[in-house]
Amino acid sequence: MSEDILQRQKKLQDYLNRTPFADFIGFKCEIMGDEMTAILPFEEKIIGNPSIRALHGGATGAFLELTAMAQLFLLSDEVSLAKPINLTIDYLRQAKAENLYARATVTKQGRRIANVHAEAWQSERARPVATLSAHFLLGDGE
Amino acid sequence: MTENPDFFDLIRQYAPNIINKVPYANTLGFELVDLEPGKAVARAPYKPETIGDIETGIIHGGVVTALLDNVSGVSVIAALSEMKSTATLDLRIDYMRPAEVGRDIIAEAECYHMTRTVAFTRAWAYHESRDRVIATASGSFALNTIKGFPTNTGEGS
Numbered sequence: 001m002s003e004d005i006l007q008r009q010k011k012l013q014d015y016l017n018r019t020p021f022a023d024f025i026g027f028k029c030e031i032m033g034d035e036m037t038a039i040l041p042f043e044e045k046i047i048g049n050p051s052i053r054a055l056h057g058g059a060t061g062a063f064l065e066l067t068a069m070a071q072l073f074l075l076s077d078e079v080s081l082a083k084p085i086n087l088t089i090d091y092l093r094q095a096k097a098e099n100l101y102a103r104a105t106v107t108k109q110g111r112r113i114a115n116v117h118a119e120a121w122q123s124e125r126a127r128p129v130a131t132l133s134a135h136f137l138l139g140d141g142e
Numbered sequence: 001m002t003e004n005p006d007f008f009d010l011i012r013q014y015a016p017n018i019i020n021k022v023p024y025a026n027t028l029g030f031e032l033v034d035l036e037p038g039k040a041v042a043r044a045p046y047k048p049e050t051i052g053d054i055e056t057g058i059i060h061g062g063v064v065t066a067l068l069d070n071v072s073g074v075s076v077i078a079a080l081s082e083m084k085s086t087a088t089l090d091l092r093i094d095y096m097r098p099a100e101v102g103r104d105i106i107a108e109a110e111c112y113h114m115t116r117t118v119a120f121t122r123a124w125a126y127h128e129s130r131d132r133v134i135a136t137a138s139g140s141f142a143l144n145t146i147k148g149f150p151t152n153t154g155e156g157s
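Order-wise, the sequence lines are chains A and B.
Residues in the first sequence are numbered consecutively from 1, following our numbering.
Residues in the second sequence are numbered consecutively from 1, following our numbering.
If we strip away everything but chain A, and leave its shape as in the complex, we get (with noise of 0.2 Å):
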């Protein structure tokens, strides 16, 4: 990692400020050093199932995607966000009607090609909701 961490979270933010998806399913994220957390705030409209009052696995699916590519932006050196390969998400509990936190690493980050795990949860760390497996392409090109 050449640029200083600083300069790096402030690209963050400018990028996810840019990102109007992040800003519409209401992404977070507090940024320690190279740490990220990511928080999804509770709200009425990412609701899946309103009889059990579950979240969407679409917004839990997206809330991962979004989390793994700000993890993977803020420890590279790219000048834009990685595109997605391909990703596995695992529902493993229910997720409630209460704010979703995740956290994502980045397992291995080649010239082309970077694999990242994630996982959310919500009011027990121990205890995930989803987690996510995905490949990015970095770079701009094709």
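Treat the hints as calculated values from the structure; they're not laboratory data.
Be a bit skeptical, because a hint or two may be false.
[Stated by the list, open to error] Looking from chain A toward chain B, a few residues come up when the C-beta cut is under 10 Å (computed):
hint, residue
1, F21
2, I39
3, E43
4, G48
5, N49
6, I52
7, F63
8, I85
9, L87
10, R125
Predicted model only: the values in this text are computed from it and were never measured.
Note that beta-carbon positions come from the ideal geometry of N, C-alpha and C, so glycine has one too.
Put chain B on the given structure of chain A with help from the hints.
For chain B alone, kept in the frame of chain A given last:
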């Protein structure tokens, strides 16, 4: 896939609610386009607020994820021969190419195998046809029996 045509008729009446009455699907503007036994087609409109990259105007992958998740779940319900609750176990998505700016996204899903407890799906997202897909998905869903599910869905009849 359904062996119970009467039950599928019930599902057909109830299915639009799975999308229309789901707040998150609603906010994203999803609508159910077609439903057959074990198959579902849904549409996501192009919405400026769901853009992922302001420079290109391309919709965020998260919208495609949500659409594929939703339509896959509906295909499972369309394959049931008795009422069960469904919960996504996992969903894998492969992104082939970005969605085009300003165009709606169509997603179709099929539930190609079902046991008493698990259903398996595959799905495709595209603008026009499966010849040029934006993304593909494969999923698995856990099925649970609902005790005392009424035969009348309670929707204004």
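Hints and how they fare:
1. F21: Holds: closest Cβ of chain B sits about 4 Å from F21(A), inside 10 Å.
2. I39: The hint is violated - I39(A) has no Cβ within 10 Å of chain B, the shortest such distance being about 16 Å.
3. E43: The hint holds - E43(A) has a Cβ within 10 Å of chain B, the shortest such distance being about 9 Å.
4. G48: holds, 5 Å
5. N49: At about 7 Å, which falls below the 10 Å cut-off, the nearest Cβ of chain B leaves the hint on N49(A) intact, so it holds.
6. I52: holds, 9 Å
7. F63: Holds, because the Cβ-Cβ distance from F63(A) to chain B comes to roughly 8 Å (cut-off 10 Å).
8. I85: holds, 6 Å
9. L87: Holds - the Cβ of L87(A) comes within 10 Å of chain B, reaching about 6 Å at its closest.
10. R125: Hint violated; R125(A) Cβ to chain B Cβ min 21 Å, cut 10 Å.
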